[in-house]
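Chemist: Below, each chain spelled out in residue letters.
2 protein chains.
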Amino acid sequence: MYIAIEWTSSAFRAWLMQANGTVAAEHQSLAGVNSVRDGSFEACLRSEIGAWLPQSKAILLSGMVTSRTGWVETPFAMAPAGIADMLAQAIRSDLPGLPPLYFLPGIARLSPLPDVMRGEEMSIFGLELPLPDLLVLPGAHSKWVRTDGERIVDLSTYMSGEILNLLRKDSLLSKLIPADYAPSEAAFDRGVAIARDKGALPGGVLQRLFSARSLVLFDQLKPHEISDYLSGVMIGSEIAEVLAGQPDLSSVVVLGENPVAQSYRRALHQFGIQSPVEVGSAAAGFARLIVELSA
Amino acid sequence: MYIAIEWTSSAFRAWLMQANGTVAAEHQSLAGVNSVRDGSFEACLRSEIGAWLPQSKAILLSGMVTSRTGWVETPFAMAPAGIADMLAQAIRSDLPGLPPLYFLPGIARLSPLPDVMRGEEMSIFGLELPLPDLLVLPGAHSKWVRTDGERIVDLSTYMSGEILNLLRKDSLLSKLIPADYAPSEAAFDRGVAIARDKGALPGGVLQRLFSARSLVLFDQLKPHEISDYLSGVMIGSEIAEVLAGQPDLSSVVVLGENPVAQSYRRALHQFGIQSPVEVGSAAAGFARLIVELSA
Numbered sequence: 000m001y002i003a004i005e006w007t008s009s010a011f012r013a014w015l016m017q018a019n020g021t022v023a024a025e026h027q028s029l030a031g032v033n034s035v036r037d038g039s040f041e042a043c044l045r046s047e048i049g050a051w052l053p054q055s056k057a058i059l060l061s062g063m064v065t066s067r068t069g070w071v072e073t074p075f076a077m078a079p080a081g082i083a084d085m086l087a088q089a090i091r092s093d094l095p096g097l098p099p100l101y102f103l104p105g106i107a108r109l110s111p112l113p114d115v116m117r118g119e120e121m122s123i124f125g126l127e128l129p130l131p132d133l134l135v136l137p138g139a140h141s142k143w144v145r146t147d148g149e150r151i152v153d154l155s156t157y158m159s160g161e162i163l164n165l166l167r168k169d170s171l172l173s174k175l176i177p178a179d180y181a182p183s184e185a186a187f188d189r190g191v192a193i194a195r196d197k198g199a200l201p202g203g204v205l206q207r208l209f210s211a212r213s214l215v216l217f218d219q220l221k222p223h224e225i226s227d228y229l230s231g232v233m234i235g236s237e238i239a240e241v242l243a244g245q246p247d248l249s250s251v252v253v254l255g256e257n258p259v260a261q262s263y264r265r266a267l268h269q270f271g272i273q274s275p276v277e278v279g280s281a282a283a284g285f286a287r288l289i290v291e292l293s294a
Numbered sequence: 000m001y002i003a004i005e006w007t008s009s010a011f012r013a014w015l016m017q018a019n020g021t022v023a024a025e026h027q028s029l030a031g032v033n034s035v036r037d038g039s040f041e042a043c044l045r046s047e048i049g050a051w052l053p054q055s056k057a058i059l060l061s062g063m064v065t066s067r068t069g070w071v072e073t074p075f076a077m078a079p080a081g082i083a084d085m086l087a088q089a090i091r092s093d094l095p096g097l098p099p100l101y102f103l104p105g106i107a108r109l110s111p112l113p114d115v116m117r118g119e120e121m122s123i124f125g126l127e128l129p130l131p132d133l134l135v136l137p138g139a140h141s142k143w144v145r146t147d148g149e150r151i152v153d154l155s156t157y158m159s160g161e162i163l164n165l166l167r168k169d170s171l172l173s174k175l176i177p178a179d180y181a182p183s184e185a186a187f188d189r190g191v192a193i194a195r196d197k198g199a200l201p202g203g204v205l206q207r208l209f210s211a212r213s214l215v216l217f218d219q220l221k222p223h224e225i226s227d228y229l230s231g232v233m234i235g236s237e238i239a240e241v242l243a244g245q246p247d248l249s250s251v252v253v254l255g256e257n258p259v260a261q262s263y264r265r266a267l268h269q270f271g272i273q274s275p276v277e278v279g280s281a282a283a284g285f286a287r288l289i290v291e292l293s294a
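First to last, the sequence lines map onto chains A and B. To convert, note that position 147 of the first sequence is 146 in numbering that gives the first Met the number 0; the numbers rise steadily by one, no gaps. To convert, note that position 139 of the second sequence is 138 in numbering that gives the first Met the number 0; the numbers rise steadily by one, no gaps.
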């Protein structure tokens with residue numbers, strides 16, 4: 000048996016797997032890297048999945064646990080990078096009383112600006128082959144990822160989600176959002192439309208955000224619509240920036256089924272871009288690695 | 000004598016002026032609109048400048064005191080709007096024991112998206128005629144303003160400064176900025192250069208911000224440079240968005256001499272845009288109104 004661990008800043012998720020990738024058991028908790036005190040990662044590991052250890056041949060780890068603030072820092076595999084690169088560039092660590100630990104690399108590109116991911120690649124490698132040409136993993140820091148069908152060849156991170164959260168929480172605009180806020184798809188669509196319209200407003204997101212206030216001042220937007228309008232402007236602007244680099248874009252796979260992923264899908268539709276649903280599963284990515292490792 | 004008051008959210012500033020606009024006395028305090036409890040604006044006014052009242056023929060008020068959260072809400076004068084419009088559309092209020100109060104309008108445009116200012120126009124009207132074609136008033140919400148030499152004909156608000164502050168204060172990036180941060184003009188210039196470079200990176204600000212982290216990960220940017228680098232990316236992106244709508248832009252007057260105004264000037268220089276210095280004085284704008292009012 001093998002153990003696969005997705006250990007992020009805020010969560011611990013582990014799978015016990017057979018050599019063929021079949022999941023025998025799953026465990027998750029909130030014991031994220033940020034909650035581990037004084038580097039006591041081994042103690043945390045034993046406390047979370049100690050029962051699995053005796054029967055395991057190896058442990059694979061991915062996520063922030065392999066970063067500078069984690070247990071063992073791994074370098075990045077430079078794109079293009081696939082399953083074989085993840086294993087070849089993993090850092091093996093042998094500790095008394097534990098099966099060998101394989102700390103997996105993140106994936107990076109260097110040009111035109113450096114960009115990185117650490118953990119998200121497992122969900123991508125878990126998709127059926129050939130991998131889609133272009134994927135987006137929505138989140139506070141959304142990742143747009145290009146593949147050649149098998150390997151990740153390029154990636155780009157957009158902090159739109161974090162900025163949106165900051166604007167909703169602690170800004171001039173947040174003060175205008177009433178407590179009885181209710182979701183509004185129409186307001187979201189309107190924000191996306193504003194982001195798309197380069198004819199009337201040639202600039203980008205910075206030129207558009209203040210409209211969340213000024214439209215309210217002129218009774219053209221209701222205060223309870225501000226939040227979703229802002230979301231539409233932000234996600235729409237992100238898509239517009241992606242399109243600036245690849246204007247012939249016709250299809251993007253959106254990974255995930257959470258509300259943010261639904262918003263991306265809705266916005267892409269308004270841009271005339273198809274967005275097939277795929278639910279990225281880190282377990283499936285680990286399964287591919289384990290099949291390779293045990294071969 | 001006349002009294003002119005610039006009453007913003009966070010400050011109270013008043014001038015006692017002769018009919019010809021000469022300033023006889025000045026007073027300022029932190030008694031901003033946000034600090035006035037239960038609408039007690041009159042009491043606050045008397046407490047701040049009570050000694051001036053007996054000798055005054057009229058009081059002009061501008062700033063947030065004329066907004067929905069202020070003393071008397073005034074509508075916006077629609078651009079194009081000049082000195083005469085400010086007076087014509089002021090709301091006069093007569094209160095026992097006070098000279099007539101003139102609450103000045105803000106200025107707005109409606110298309111392609113509504114935009115507004117409330118108070119900043121006084122500094123602009125205080126400039127020598129003819130007014131510059133294009134001005135920027137840097138700040139948390141910078142205002143880009145077009146004039147026809149005498150009136151404000153268009154305005155556009157960018158929330159870049161507020162987003163920059165949020166990113167520096169409470170984000171993934173803020174956590175990377177060391178306490179011993181020191182200003183770096185080189186880092187600022189580098190951020191501006193990244194924002195300008197549409198060839199290598201065709202998108203906008205959302206596509207660039209994460210580089211403040213990824214460059215650090217690859218030792219291409221030092222943690223103490225993050226803050227100024229981010230400022231360069233943000234201000235440079237704002238200028239790039241303005242240029243998208245007027246690519247032949249060769250000169251912009253930057254109002255103010257504070258550090259943010261200096262940064263705008265520095266960034267504009269890198270774009271090859273001249274940026275003559277002007278120090279906007281609200282008092283000078285009020286002086287023009289008072290000369291007109293007393294004529």
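FYI, nobody ran anything at the bench for these hints, they're computed from the structure. Among these hints, one or two may not hold up.
[Stated by the list, open to error] To be clear about the criterion: a stretch of chain B counts as covered by chain A if any three or more of its residues have a C-beta under 8 Å from a C-beta of chain A, and this derived list gives those stretches:
1) 102-113
2) 249-263
[Claimed, not checked] With a straight-line Cα cutoff of 27 Å, these simulated DSS-like cross-link-like pairs (lysine-lysine) come out:
3) K168/A with K221/A
4) K174/A with K221/B
5) K221/A with K197/A
6) K168/A with K168/B
7) K221/B with K168/B
8) K221/B with K197/B
9) K174/A with K221/A
10) K174/B with K221/B
11) K174/B with K197/A
12) K168/A with K197/B
13) K174/B with K174/A
We treat Cβ as the ideally placed atom computed from N, Cα and C, and that holds for glycine.
Chemist: Each hint should be assessed against the structure and marked as holding or not.
Modeler: Results of checking the hints against the structure:
1. For the region 102-113 of chain B, the stated coverage by chain A is satisfied: 6 residues place a CB nearer than 8 Å to a CB of that chain, which reaches the threshold of 3.
2. Check on the region 249-263 of chain B: 0 of its residues sit with their Cβ under 8 Å from a Cβ of chain A, so the three-residue criterion for coverage is violated.
3. For the suggested pair K168/A and K221/A, the alpha carbons sit about 18 Å apart, so the restraint of at most 27 Å is met.
4. For the suggested pair K174/A and K221/B, the alpha carbons sit about 35 Å apart, so the restraint of at most 27 Å is broken.
5. Note on K221/A and K197/A: the hinted pairing holds, with a Cα-Cα distance of about 24 Å set against a maximum of 27 Å.
6. The straight-line distance between the Cα atoms of K168/A and K168/B is roughly 13 Å, inside the 27 Å bound, and the hint therefore holds.
7. For the suggested pair K221/B and K168/B, the alpha carbons sit about 18 Å apart, so the restraint of at most 27 Å is met.
8. Our distance criterion of 27 Å between C-alpha atoms is met by K221/B and K197/B, whose separation comes to about 24 Å.
9. A threshold of 27 Å between alpha carbons decides the hint, and for K174/A with K221/A the separation of about 14 Å falls inside it, so the pair holds.
10. With a C-alpha separation of about 14 Å, the suggested pairing of K174/B with K221/B holds against the 27 Å cut-off.
11. Straight-line distance between C-alpha atoms of K174/B and K197/A comes to about 35 Å, which puts the hinted pair past the 27 Å bound.
12. Taking the CA atoms of K168/A and K197/B, the gap is near 32 Å; set against the 27 Å cutoff, the hint is violated.
13. For the hint pairing K174/B with K174/A, the CA-to-CA distance comes to about 25 Å; that is within 27 Å, so the pair holds.
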